[in-house]
Every structure is written in structure tokens, then in C-alpha cells.
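Visitor: One letter stands for each residue in the lines below.
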Amino acid sequence: QLQLQESGSGVVKPSETLSLTCTVSGGSMNISFYYWSWIRQPPGKGLEWIANIYYTGSTHYNPSLKSRVSISVDTSKSQFSLRLSSVTAADTAVYYCARRSYTASFFPWGQGTLVTVSS
Amino acid sequence: QSVLTQPPSVSAAPGQKVTISCSGTTSNIGNNYVSWYQQVPGPAPKLLIYENNKRPSGIPDRFSGSKSGTSATLGITGLQTGDEADYYCGTWDSSLSAVVFGGGTRLTVL
Chain A
1 QLQLQESGSG
11 VVKPSETLSL
21 TCTVSGGSMN
31 ISFYYWSWIR
41 QPPGKGLEWI
51 ANIYYTGSTH
61 YNPSLKSRVS
71 ISVDTSKSQF
81 SLRLSSVTAA
91 DTAVYYCARR
101 SYTASFFPWG
111 QGTLVTVSS
Chain B
120 QSVLTQPPSV
130 SAAPGQKVTI
140 SCSGTTSNIG
150 NNYVSWYQQV
160 PGPAPKLLIY
170 ENNKRPSGIP
180 DRFSGSKSGT
190 SATLGITGLQ
200 TGDEADYYCG
210 TWDSSLSAVV
220 FGGGTRLTVL
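Sequence order for the protein chains is A and B. Everything in the first sequence is counted per this note's numbering, starting at 1 for the first residue and increasing by one. Everything in the second sequence is counted per this note's numbering, starting at 120 for the first residue and increasing by one.
What the hints contain is simulated information worked out from the structure, not anything from laboratory work. Among these hints, one or two may not hold up.
[Stated by the list, open to error] Mimicking DMTMM-like on lysine to aspartate or glutamate, the simulated pairs with C-alpha atoms at most 25 Å apart in a straight line are:
#1 Lys45(A) - Asp180(B)
#2 Lys173(B) - Asp74(A)
#3 Lys165(B) - Asp202(B)
#4 Lys165(B) - Asp91(A)
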């Protein structure tokens, strides 16, 4: 059974860089037609897709965040990572990692990790 | 403002049926698959419907999905108190080149 687990900094200072890692277990990351994704949800608000990466390293970013976002993958460790630079309070959210199908559905999801931007 | 439009809330009595709409454009729903997610307070969203009307293993057939033109609908029959949650639709937007979600619909089972 495929499982995903987020880890990383829970509090980030304004203007600094948020870093998160998602560890995949119970299955291989080297699988065709699936992407590895990050999605976030600000407190009390809806879902926002951030980015995804293919096991080959091919990336795709949400245009609204593209200038600040970087996603990478290390299949040898079964991990993929997110970096979001120049954070502000608006980046405070629960960050989820998930596997995305080529038809843009997400399953499964990690449990999510709250990242708070605060000095 | 979300790219996909959902009603903020719906309600119905236990045992009844409810539908949740998701409205978009030809750039998103009109030409791409729609998925639906259930999020009870706390845990991560759970995939309910993918590729417009397919249910993942373990999702009861009380949940159904359909799509017509630039709108999609989630149907839930035999409502249970455990169905109280936020429901989100999602799809690919070819113009934005991004996955987009609706703003979410809060279901209350009275």
C-alpha cells in the first residue's frame, strides 16, 4: 500500500526559504503516467496545486508560484522535495504531498504538515 | 476566487440525496477529466471520484460523479452523518497550464 509522509520545517521566517520533503513507501517512484506533487491549503481555505515532478526529473509548476518554487526528486531515497523562497504570511498553510495521475487526480495523499511563516 | 465554481454549502437530511455542482469552462472541465475529494476536518483530502465518474477501491457506490459540457456534479445518496465534510472538485486547466480546484462545498447532514 503506497504511503506518503511529509517532513520539514514547521516555522519559517518571512523572506526565508521553506523546505519540505516527502518520503514514499510501499511502492516505487519509478512508475510511468504518475507524477509526484505538492498541494497546499491555507487555514480555513481551499486547495492550491503547487508543482509536480516525474521520476525522470521533469517538472511542472503552478504559474502563480513558479518564480519562487523548486521541486526535486531522489528516487534512490524514494523522496521528493519542495523549496519555496521569499515566503510571506500568505504562504502559511498545510502542505500536502500526493501522487498525481496523468488525468490529474491525486491519490494517495500524505497526512499534511503545517508550515507557519512567522518571525 | 477559484477557477472552478462550487456552492459554498449544501444540506440535506440523513438518508436523502444531495448533489454538488462544479462549474468551469472549456479550458478546464469542458476538455479534461474531473476528480472529487472529501475532506473531513483534520485529515487530508480523500479521492472520491476520478476521471469524471470512476470510484477508487473502497469508495461506496453511494458516491457518483458525472460531467456535462463545462459542469460536473457529485451525487451522494443515502446520506449519513459521517458524510459531513468539505467536498472539492479538481481538474486540469489547459489555458493556465495548472491543476485547478473549486473553492469547496461544506455538506451538512441535518
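Visitor: Check the structure against each numbered hint from earlier and tell me which ones fail, lowest number first.
Guide: 1 and 2
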